[in-house]
Amino acid sequence: LRARAMMHADPAAWHALAGWLAAVSRAFLGAQVEAGAAVVQLFDSWAGSLSLADYREFVAPHSRAALEGATVPRIHFGVGTAHLLADMRLDGIADGVGVDWRTPLDEAAAVLGPDVTVQGNIDPALLQAPWPVLERHVRDVIARGRAARAHILNLGHGVPPETDPAVLTRIVDLVHGRDAAAA
76 LRARAMMHAD PAAWHALAGW LAAVSRAFLG AQVEAGAAVV QLFDSWAGSL SLADYREFVA
136 PHSRAALEGA TVPRIHFGVG TAHLLADMRL DGIADGVGVD WRTPLDEAAA VLGPDVTVQG
196 NIDPALLQAP WPVLERHVRD VIARGRAARA HILNLGHGVP PETDPAVLTR IVDLVHGRDA
256 AAA
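Letter by letter, the sequence shown follows residues 76 to 258 in the numbering used here.
What the hints contain is simulated information worked out from the structure, not anything from laboratory work. Some hints here could point you the wrong way.
What follows is a set of in silico ranges between Cβ atoms, one per label pair, in the way DEER data are often shown [claimed, not checked]:
| no. | residue 1 | residue 2 | range |
| --- | --- | --- | --- |
| 1 | 217 | 105 | 28 to 34 angstroms |
| 2 | 161 | 105 | 24 to 30 angstroms |
| 3 | 99 | 253 | 37 to 43 angstroms |
| 4 | 109 | 80 | 34 to 40 angstroms |
| 5 | 105 | 221 | 31 to 37 angstroms |
| 6 | 84 | 205 | 45 to 51 angstroms |
| 7 | 200 | 76 | 21 to 27 angstroms |
| 8 | 185 | 235 | 27 to 33 angstroms |
| 9 | 148 | 205 | 32 to 38 angstroms |
No residue lacks a Cβ here, since even glycine has one placed at the ideal position from N, Cα and C.
With the hints as constraints, model all of the structure from the sequences given.
Structure below.
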């Protein structure tokens, strides 16, 4: 609430702060590319709390500035951003858009269009579910991701600290066709 209040109460200070954050993010993304990253991602876990108008005015220009210098494919991810998906392309600067677990990937792909890669969107809460439940969910995410140009399977927002790493390995094995249940 305080950050959103600041955007409106002191737009000049907001844009100065967001501009500085964009410059730092751009430098960090550049360092990742220099270190050999084949793709970079700008992760915005806060954008979904904004209205479309506020996102366009107060955040999108700075996200665009952070990503536009990258020389590799760029992904823009936000949490709770179903209402912002089309704008998260940042006028084509983002090659891919990350989608959290709330929006089915086929629906996201329909909004984003045929030339966008989607990333996501396994529900992190299901990492604690019994394997048959999680497996069904992962297979559904993969099936829905086929609606997009390409799909990078990932979580819809982070790995909870209590997650058993063996569960993540099992997901990778399933996706790569090494899981006995996948046969």
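**Message:** Could you work out which of the previously given hints the structure breaks and list their numbers from low to high?
**Reply:** none
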